[in-house]
Every structure is written in structure tokens, then in C-alpha cells.
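Assemble chains V, Z and F onto chain E, guided by the hints.
Residue numbers (my numbering), protein chains in the order written: chain E, 1 to 195; chain V, 1 to 353; chain Z, 1 to 156; chain F, 1 to 369.
I should point out that these hints are in silico values taken from the structure, not numbers from a laboratory. Treat the hints loosely; a few may be bogus.
Unchecked claim - In silico EDC-like pairs for lysine to aspartate or glutamate, Cα to Cα no more than 16 Å straight-line:
| # | chain 1 | residue 1 | chain 2 | residue 2 |
| --- | --- | --- | --- | --- |
| 1 | V | K162 | F | D31 |
| 2 | Z | K121 | Z | D35 |
| 3 | E | K8 | F | E193 |
| 4 | F | K172 | F | E137 |
| 5 | F | K51 | Z | E114 |
| 6 | Z | K17 | Z | D35 |
| 7 | V | K162 | F | E33 |
| 8 | Z | K143 | F | E54 |
| 9 | F | K202 | V | D23 |
| 10 | F | K288 | F | E7 |
| 11 | E | K5 | F | E193 |
| 12 | F | K228 | Z | D53 |
| 13 | F | K86 | Z | E27 |
| 14 | Z | K143 | Z | E114 |
| 15 | V | K162 | F | E7 |
| 16 | E | K19 | F | D186 |
| 17 | F | K202 | E | D82 |
These numbers come from a predicted model, not from an experiment.
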Amino acid sequence: MGVLKDLKNLILGMGITGKHLGRHAVTIQYPEERWTMPEGSRGIVVLLSDKETGELNCTSCLLCMQACPTAAIRIDAPRGEDKKRRLISFDIDFGLCCFCGLCEEACNFCALKMAPKYEFSTLTKDELVWDMKKLQEMGRDVDYVDTRKKKKPKESVPGPAAPKADTVASPPANAESAKPEEPKPETPEQEEGNG
Amino acid sequence: MLLALMSLELVHIFRWAYGLLADTGLPALWVLLISYALLGAIMFGVLAVLALFLVWWERKIAGHIQQRFGPMRNGWHGWYQTIADAIKLLQKEDVTIDARDRFIFFWAPVVCFVAAFLAYICIPFGNGLIVADLNIGILYIMAVTTFTIIALLMAGWGSNNKYALLGGMRSAAQVVSYEVPMVASILTVIIYVGSLSMVDIVASQQSFFTWFIFRVPFGPIAFLTYITAATAEANRVPFDIPEAEQELVAGFNVEYSGMKFAMFFLAEFLNMFTVSAIAVTLFFGGWNGPWLPSWLWFLGKTLLVVLLLMLFRWTYPRLRVDQLMEFAWKFLVPVTFGNLILAALMKYLGWYW
Amino acid sequence: MTQQELTAYIQSSFEGKLTLLDTGRAEPMFEVRPDDLLEVARRLRDDLQLKFDYLCNMGASDTRERLEVVYSIASTTRRLRMDFKLVLGYENPAVESVTPVWPAANWYEREMNELFGIEVKDHPDMRPLLLPEDWDQGYPMLKNWDAPDFVRMPEL
Amino acid sequence: MPELRTEEFQINMGPHHPSTHGVCRLLLTMDGEKVVEAVPYVGYLHRAIEKICENRTYHMCIPILDRFEYVTSMSCNYVFSLAAEKLARIEVPERAEYLRVIMLELNRIASHLIFVGTTAMDLGALTPFLYGLRERELIMDLFEMTCGQRLTYNYIRIGGVSRDIPPQFVPKCREAVRIIGGKLADYEGILNENPIWLARMKGIGYADPQQAIAWGVSGPVLRASGVKYDLRRDDPYSIYDKFNFDVAVRWNGDNYDRFLVRIDEIRQSLKIISQALDGLPEGETRAKVKARFKPPAGEVYVRIENSRGEMGVYLVSDGSEKPVRVKTRGGSYNQLQFLPEIVRGRGYLIADLVAIFATFDVIMPEVDR
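Just chain E, same shape as in the assembly (with noise of 0.2 Å):
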């Protein structure tokens, strides 16, 4: 009677958690065995570089900046004399990123991607701030479908791109030779911005 159905429903459900003694584990060991993130996943942001050239995609247009829900990416890119903006620092602030993917969505350049890279957790916050040299770095071993109209016109020498037509931003060497005076100068309005 009741006695006997509980009895059996008890034995059952011990039945059930005995079989999987037998059962292969689920679970992966860390750091032997990692996770590889499926195609498409938003891990941390990188900064993408021209295949042949090596430089940076980015033409500082600020639209991933305008685009970034938590102003996490920080743009230092003043207009030149020649009204073109010249890129001077690209921070992102992974503290404040919270992953979303808008800023790829925005950048219409191909210059920004979310990797699916997850391990960079840093002892301290301020290291969780990346300067540009370290996300073009992270960048450079992530492959990416160039979907930007060719500027430069169909000649067949590849070569050093034509300066006039070439409106990719500034070659990385000239940012380098500005950074060592002023580092990373902040501009007054984003010094409200990173609350």
C-alpha cells in the first residue's frame, strides 16, 4: 500500500542517481582542456590591421566611441592641420566594457572585432585599461573578412599605398614618435566621461 509505493519511488530515485556513477563526467579541466568559443563570439575588442600593410584599419571616425553604451572606448585623435583627424591613443577600458558588440556593429571600416579570446582577467584595475599598441598586438593573429571598398584604384602593384588616395589613418610609426611627449593626453570632454 502506501508504505510500499513510497518505498519503491525512493529506490527509484536512487536508481537514477546511481546510474550516472557510471556516466562520463561533463565537465571540462580547465587549464589542460580549454574552451574554444564558437566563430562570432564577443570576447574582448580588438584593433584590426591591414593584411599586406600592417596598419591599423581604424580612421578615427569616433563612431564606435558614440556607440559604446558604458563610454568605455576613449579616442584621442585631434584634427591635423590638413582637416583629417590623425589618431593619436585608442584606450578601452575593459572595467567599464560590458561586451555588447555595438561598437563592432558601428564601425563600418572593419577596424574593431570582438575576438573570442576570454582570458585576460589582470590583478589590477588600471591594467584592464588596454592602450592601442596592445589591442592592434591582440589583434594581429585574428583572421577577418575585409568587407571595405578599395580606395586605392586597380593597379597592379601592391607597393607602399599611394599617399593622397590612401585615407587610412596615419601609419602606428607616427603615432609612436607623438606618444613619448604627451601620453595619452585626455581630452577635457572625456575627462567628465569615464564616471
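Here is chains V, Z and F on its own, set in the frame of chain E:
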């Protein structure tokens, strides 16, 4: 090969050591004292290692039941994980609140730890492997295992914390009310053995079919009621309300940390082993078994019963306090007493083998 | 009954009390005067045709010119949904508590009181809900609220 | 011998306590083991999401609202996008609607699997939690494949969905549906007929339907008390009228029925997903929406059926690119408000209170916002 296995009986080693000690010419009293001190030390060592092994084994079994690995980091499959935990707990700072009841708070874990060890004096680990074959063996064990209630009450009251007090009160009510069915189901076995001494109980179950689990009408019922009451004694899950994490945060050991907490923890696992050792001695014929040495049989059977207790823990939810009491008094006690009468009747009518 | 029938029915039965605001979308939005809020609410709930027994949402919103308290209600049996709102000025806004009609409004009113400063008359237990007990830096959800360490998004 | 004077004592369950999901504090006045009165204190997880949304553009609001209810953040994205689409009268392409329904139902199953796990864990059975999470990983992999994240998806956008599904999504989704359908038998085997589980759950925490409606309770908690009120049927949105599924209703409103209703809902969601997968049309996945989205002035209150009841957004816009007011409403808010009504004066023990709190499936981000 068989002969080699047979000779693995440990009792000869103890007799040889005792003989060695005897002819060193010390007076008899001294010899007795030293031998019992040595035996105590060995027992403490064996049981401490056993407790550490049980903790590790429970975490591995729980892991594999839940389809994960359990401790893997320290050593192959984490074998010295519990030793690492013990050392960590040893050197952890012993945080104590100053509003505690100093004396009771300090002695609660000691009482709990000692109570867990006292029961092993008359548990037969193997053929002749028994510290002291008291002729009131099982009665002594029942008396000693109720010490844990005092320890839990002391811990509950001593930590001056509402959650701990609730845990302490609950454990007192639970262990007292499960003592009655446990003793009653043990009595059904004692009727047939006729003596309380554990060695006689094991002796009466020589052949395979004379195990009490197979004496059909009352044997299995006695075993089932014994196991249920025993899980309540050892505060194991369906009845682990004294330290129900979800309700009372950590029940009676909420204010303990460091070595004091480790004592409670190890005592709980030792209680689990005691309870399954008694179950094996009473129902599964203690250390009787063909071929293998007797202590290996005892250890194997007890670990099987411990596995059963672990399966309880990782399958069943927890009973509420009043349901637990109701289950004990309204269901277990009548069943065990009915079983007792049935066993006595069958003994009187002679229908037993 | 469909939304149009609902609006027609309400306009006919609640002549002066609920005036229709045309927001040109599915659910009709009405406006009610603060002083006959309770009476309208009770009739909305008890009217056999309507039986609005379920308060979906109740909240205040500061549209820079005025303070509005919006009630969204629905009927679980009649498959109807309706909103009505209440316009209040900025100086000591007060509204009656609708908990006698819909007990669900209890916490919403407590939250509205501490975030917007709208005083709720005869509310069962008016205690701060979300903000800490010793919060004294004004009513945060108002548009003109500012605090020393409140950082706005950089205007780009 | 003077009559023994006993008095009630107060105990704090929370703010961090093993069985308050998230940070909630219940001040219990107890008479021995019996709970006389439970007063919830909330606000520990208040992040002022509504104030943040007020100075963000519409597209930025969606990742912010992901955090409004992180267990089913697909429905948070959806409810805000639906409100914005209603304001701006955007026509969402057919394929996007289907993808949205598939993602919403997968998210509901994931949320219910967590519910099964945490309820069992609160009552002491630790294993079903791990089994629940094992199934949930199947769904998390599906989400990671499509939108790149496992918890805060930011997948459903204004006008459609952010990306199309990869080719291997449909077969994997069918397989996940098959596996989860099979594994439900495991949970039922361990829990449903287990006498200890029945003793702890049956007949405890009765919620009277009328009182529940009056206190604004919605979702599985309301349907377990016999009120057949499911927004997917009663206030239809999106394309739920294309799928046939029945509303999981149970009649005696106690803990046990609240648990069973959610298991039925998992089965219904599995049915919806397989139908949606069969009828998935081709086409683009997002309507044309400008980057600086400016809806016309107006206000709208939109509500959908989330795994914890009715989730709504009251959106006010004045034509600029930032919303004027985003009032979010979650199901747990009313259920936590309703909890003291159930516990008062019924002499429940603290163990029952933990069980009732678990079957209400209250999580704190939705309450504190």
C-alpha cells in the same frame, strides 16, 4: 595463493607484538598499560586516516553522481585533497565571538570528537581484531553514540547565535526520537544471538545464509528501520536538519572555524562509519567471508553501506522538523516494535534457522 | 470586446471623469483628475462589463514640463487592457493610494514616493523601499536631480 | 512555579543567505520554529537602471536592459524592442519574428531549468541542480553560437535580431530539444513522486487565486492557482498565434503545483520551438533602422510573458534620440510583495518559508532594478 591470503590475518601480528612486550620483564600492570596506550594510538591513527578517506570518497562519489570529477588537483584524482584541507583548517585562524559561553563553546567539539571515537572500542574489525570484547558490546555503543547530542547542544547553546540554537534544539529532538527505533531494531537481532557481545553476534552469523538480513520476515524490516534511524543518528541528509544549509545557514557549527570546525566535520564522518560498521556487524555477518582476510571483508561491507548512505545524501531532499518527528514516532516506532514481537514469536515457535 | 468598443463604452459610462487622450496606438490612454481617482478606480474594477481586476504597472514619469502618474490595468477575465494617467504639478505633488482597490500598487507607490517625491496619502506602510533608510539627497528620478558624484554620459 | 514566559524573536534571513536568490533580506518574527511574520527588505541590488536608460540612446538601452533580469535577458531585450517598434511602427520581417520566438522559448526553458535546480537545492537535494545546469549548457551553447554571449545576449534589437543564425544552429537546436525532453523524465523520477519531496511541497504555501490577482501576481505562480492567464494567449504579441500550445494550468495553488506548472511549461516551450524550427522562413533578419533611432513622440506600455510572469516596459519618448522614461516591471516584484500575505499567520516553519520562497522563483535584479 589462498594460504598467503589466509596468513594476512592481522591478529597474529598483535599477538606476536604483545608476546614481545610481555617478555621484556616489565611488571604485568605496565605491560597492560603500554599495550592499551599503543592500541589507542593505532586506533586513533587508523580512524583519522579512515575519516580523511571517507571525506575524499564522498566528494568523489558526489562528483561522479553529478557527472563532474570531484577533487582532481592535488595528486592523482586529488587523493591528498582532504589532507590539504585538514592542514589548511589547522592553520586557519580560530575566530571566536566574545559573546560566547566560553567553557561550553570550547569543549563542544572535543566532546563530539571523543564521542565519535569511543564507539570503536568494541567494534570487531576482524577475526580477533577488537580492542576490548565487552560482554555488553552493543549496549555500550548505543550509550556512547548518544554523546553526540550533548556535543551538538553545547555547540548550539555555546555559540550564542539564534541559528545555532535552532540547530542544537533540532538535533536534540531528532537524535533522541530516533534512538528508540534504532535500539528496537537492534533488539530483534539480539533475541536470536542471545548475547550483547559483538563477537558473539558475529559468531552467530558464520555461514552466508545465517546473516540476519536473510532471516526473511523480520531481518530485512529490521535492517531497513535500522538504516533509516541510523541516518538520523549520523545527521545524514534526509534527516540532516541540525545543519541544514538552506535554512539555518550552517546549523550548530555556524560560529566554528578552523580546527574546531574540522573536529565537527571529521566526527560527522566517523559517526557515519560507526553506524555502517554496526549495520554490517548486525546484519551482514561482520567479518565472516570466504578466502579474503577477515578485516578486508569487514572494510568492504562497511564501505558498501557507507556508499548507500552517500546515495541517500545525493538523491533525497530534506524532511521538515515536525515531519521528521512524526515519521519517527508515528511510523518507525510501531513498525520496529511489531517487528520485535514478530521475531520473538518466531523464536518462541522455533521457526528460524 | 475590441479597443474601440472599450473606448466608446468608457466614454459613455464615465462621462466627465475619464477624458480620452489620442496617442494613436492600440491601447486607449485616458486622463483622470487627481481628486476622483479612487472613485474611478473602484468603478473600473467593479463594473461588470470591464472587471479591471489586475494592475499591470503603475509608475510616475517626469516629462520636464509636468509629473505624470500612469496606471496600466488589465482584466484577467475579459481580455481587456487600458491605461489612464494623472497629471500633477512639481510643487508638493500628492496622489491618493489605490491600494484599497488594487493592493498590488503597494510597493509601486512606495517606490514612486521615494524616487519622485510624490506624496501618497493614506498608504498602508510608507517606508523607503529601494533607497537606503538614511537617504537624504533628494529624489533621484526627477530630471533636475543632480548629485556631486553623478556622472552623465559624455555628450557627443 | 511562574508560567513560563515565551516571546517571539526576530531573525534576519538575508541579505546574504544561501536560499535568498540574490540579495534580499527577510526579517522574520519567529515563535520557536514557526514563522509569524516575514517582512521583505529590498533595494540591495538597486542599480537605477531606469535612470541610466534615460540618458542613453535607444540602441544603448538594450545592453543596459540585459542586466535588468539576467536569467532571461532575451525577454528584456525583446520587451524594449517591442515598445520601440510600437512607438515607431516598425514592421519586423517574418524570419526575425520566428528567430525571436525560438530564442525567447529557449531562454524560458533555461530559466525554468535553473528554477528546478535551485528549488531542489533549497530543499536539500543537490543533484538535480547539476543535472539542470547540464541541460542548460546545451541552450547556452546555442546562444553562444548565434549571439556570442552566454548570459547577457543583446541579441534582439529594435527592428529584428542582430545576426542570422549559423547553419549548424537548426540541427543542434533540434537535438537539444530532443535531449531536454528526454531528461525531464530524470527530474520527475528523482523528485516528483519522492515521498520526502511530496511531504515538503504538497499543500504548503496555498495562494488564493483572487488574492493573487489583486496583488498583481502573474506567470506560473498565478497559473498554479487555477487562473488560466497567459499573455501569449490573452494579450497576444509577436507570432504566438501561429503555434498551437496549451497553457500549463494547475488548480490547487500549492508549492507542488507551482513546481509542476513549470515542468509543463518546459514541455510546451519545447513544442513551440520545434514548430517554429519547422516553419522558419527565409528572408533578412532586421528591418531598416537608422543608427540614431528617433521614434516619434508618444508613450506605450508593452508586456510579454516571461518565465517569472508579466514583464512590461512603459516607454515615453519625446522625439529625441534618448527615451524620456523607461519604467520596467518584472514578475518577481509582485511575487515578493505577495509573499508576506501567504506566510502571515499560517504557522509555517522556516523550512516551509524557504520552500515557498524557492517556488516563487523570485530573483532580485528584477525587484530592485
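Here's how the hints hold up against the structure:
no. : hint              : in the structure
1   : V:K162 <-> F:D31  : 12 Å, holds
2   : Z:K121 <-> Z:D35  : 12 Å, holds
3   : E:K8 <-> F:E193   : 10 Å, holds
4   : F:K172 <-> F:E137 : 12 Å, holds
5   : F:K51 <-> Z:E114  : 14 Å, holds
6   : Z:K17 <-> Z:D35   : 10 Å, holds
7   : V:K162 <-> F:E33  : 11 Å, holds
8   : Z:K143 <-> F:E54  : 9 Å, holds
9   : F:K202 <-> V:D23  : 71 Å, violated
10  : F:K288 <-> F:E7   : 67 Å, violated
11  : E:K5 <-> F:E193   : 9 Å, holds
12  : F:K228 <-> Z:D53  : 14 Å, holds
13  : F:K86 <-> Z:E27   : 11 Å, holds
14  : Z:K143 <-> Z:E114 : 15 Å, holds
15  : V:K162 <-> F:E7   : 14 Å, holds
16  : E:K19 <-> F:D186  : 11 Å, holds
17  : F:K202 <-> E:D82  : 78 Å, violated
Checked against the numbered hints given earlier, this structure breaks hints 9, 10 and 17; the rest are met.
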